[in-house]
Amino acid sequence: MIKSLDPRVTRAQIEENNTITPLKDLDQWETYEVFHQKKRGDQHMHVGIVHAPNPEMALLFAKEQYGRRGMSVNIWVVGTRDVYTSDYDDTDMFDVSEKNYREAGGYKVMEKINKYKKANKIK
Amino acid sequence: MNEKTTIATKELLYKIADDLLIIGHRNSEWTGLGPILEEDISFSSMAQDKIGQSMSVFQILQQLGEGEPDTVAFNRASENFYNSQFVELPNGEYDFSLMRHFLYDHADQLRFEMLAKSSFEPIAKLAQKIKGELKYHVYHANIWVTKLGNANEESHSRMQNALNECWNFALGMFEESEFENTLINEKIFAGENELKKKWLENISLILEKASLKIPEEKNWKPFFGGRKHIHTEYLKPLVDEMGEVFSIDPGVEW
Chain A
0 MIKSLDPRVT RAQIEENNTI TPLKDLDQWE TYEVFHQKKR GDQHMHVGIV
50 HAPNPEMALL FAKEQYGRRG MSVNIWVVGT RDVYTSDYDD TDMFDVSEKN
100 YREAGGYKVM EKINKYKKAN KIK
Chain B
0 MNEKTTIATK ELLYKIADDL LIIGHRNSEW TGLGPILEED ISFSSMAQDK
50 IGQSMSVFQI LQQLGEGEPD TVAFNRASEN FYNSQFVELP NGEYDFSLMR
100 HFLYDHADQL RFEMLAKSSF EPIAKLAQKI KGELKYHVYH ANIWVTKLGN
150 ANEESHSRMQ NALNECWNFA LGMFEESEFE NTLINEKIFA GENELKKKWL
200 ENISLILEKA SLKIPEEKNW KPFFGGRKHI HTEYLKPLVD EMGEVFSIDP
250 GVEW
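Those sequence lines, one after another, are chains A and B.
Residues 0 to 122, numbered by numbering that gives the first Met the number 0, are exactly what the first sequence covers, in order.
Residues 0 to 253, numbered by numbering that gives the first Met the number 0, are exactly what the second sequence covers, in order.
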């Protein structure tokens, strides 16, 4: 095992002839997504992840990681495994470039309004 | 305040500030070496909180005529410190440090809860201000001790051994002052005995949840002395190292 002046390296118990070893089970804790709320009534916003063995500790860590510099009144943690995501292959489903009719700006009525006002002498 | 009350109050403030400064420094020695990134950050952050709290108390002492906080904290001989021996002990492994964090922080939180009602306004105000910080420190300690106490055989026995090792030193936190009665009568602080009673109640609840046992009362032998400047061999090297940078040029502007 490599013995280093840096205790973290010693603690990692790396073999002298260091070949790549696969991760053991539970080598890394699971991740939790962290959301924080800047002030009461605001939406919770995603700020990052923490690694933790269970939700209570995820909350404990998230408070310090993301709340230690102020600017939070509330924190949520959700296990990454509980987050349902869409596939990047399906990005084409989100394509709305041809759909002006779904936006307010797609309806040009200012011209018609001004024309009407002029015709009927309204300010 | 009359002279006796002032002396009693100063001694009380010094012991609180010194405890916070020394344990804050010890806990900061874990920075970069913690077991997990997130825990390293939390523990370091709490150490910062403690040192900040000690500075606030030194500022109150300054208003009572003592020296500048930086000088008092970093340019004082170790023989003149009032901290309990408990906080100057070296960090050992993480189990010891966590257990010390648990035992100390519960006492700290209760002490400040009692001081929030003090007739001495500056400390009462400070106690109100840091309530949230102390809440997190205790919450952190409770979760870790409970989880580790119950997780598996190794974690349980490490926590139990750490508790046994810490116990008599922890009792040393409640060393009575010669001015206890003055502080109690003037309603500045309700006293070490009262604090110890509340502390035992609070920690017993958590330790039970953590499946850990407090040593039997007949074996309790508190390590007193810290409050009267009797320290272990560990304090002087700590104080020397802590004040090293400051002492290179004490007059300089930071």
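None of these hints come from the bench; they were simulated from the model.
Just so you know, not all the hints are guaranteed correct.
What the hints assert, rightly or not - Pairwise CB distance ranges, derived in the manner of DEER restraints:
hint	chain 1	residue 1	chain 2	residue 2	range
1	A	P52	B	N160	35 to 45 Å
2	A	K2	B	N201	51 to 61 Å
3	B	G66	A	N53	45 to 55 Å
4	A	N53	B	N79	37 to 47 Å
5	B	S156	A	E15	46 to 56 Å
6	A	N53	B	G131	51 to 61 Å
7	A	M0	B	D248	57 to 67 Å
Claimed, not checked - DSBU-like, lysine-lysine: derived pairs with alpha carbons at most 30 Å apart:
hint	chain 1	residue 1	chain 2	residue 2
8	A	K38	B	K134
9	B	K9	A	K38
10	B	K124	A	K37
11	B	K212	A	K37
12	A	K38	B	K195
13	B	K124	A	K23
14	A	K38	B	K3
15	B	K130	A	K37
16	B	K212	B	K146
17	B	K134	A	K37
18	B	K3	B	K134
19	B	K212	B	K235
Ideal placement from N, C-alpha and C gives every residue a C-beta, glycine not left out.
Hints versus structure:
no., hint, verdict
1, A/P52 x B/N160: 35 to 45 Å, "violated (22 Å)"
2, A/K2 x B/N201: 51 to 61 Å, "violated (42 Å)"
3, B/G66 x A/N53: 45 to 55 Å, "holds (47 Å)"
4, A/N53 x B/N79: 37 to 47 Å, "holds (46 Å)"
5, B/S156 x A/E15: 46 to 56 Å, "violated (31 Å)"
6, A/N53 x B/G131: 51 to 61 Å, "violated (24 Å)"
7, A/M0 x B/D248: 57 to 67 Å, "violated (43 Å)"
8, A/K38 x B/K134, "holds (20 Å)"
9, B/K9 x A/K38, "violated (40 Å)"
10, B/K124 x A/K37, "holds (26 Å)"
11, B/K212 x A/K37, "violated (42 Å)"
12, A/K38 x B/K195, "violated (38 Å)"
13, B/K124 x A/K23, "violated (51 Å)"
14, A/K38 x B/K3, "violated (47 Å)"
15, B/K130 x A/K37, "holds (21 Å)"
16, B/K212 x B/K146, "holds (15 Å)"
17, B/K134 x A/K37, "holds (20 Å)"
18, B/K3 x B/K134, "violated (33 Å)"
19, B/K212 x B/K235, "violated (33 Å)"
Going down the numbered hints, you'll see the structure goes against 1, 2, 5, 6, 7, 9, 11, 12, 13, 14, 18, 19, while the others check out.
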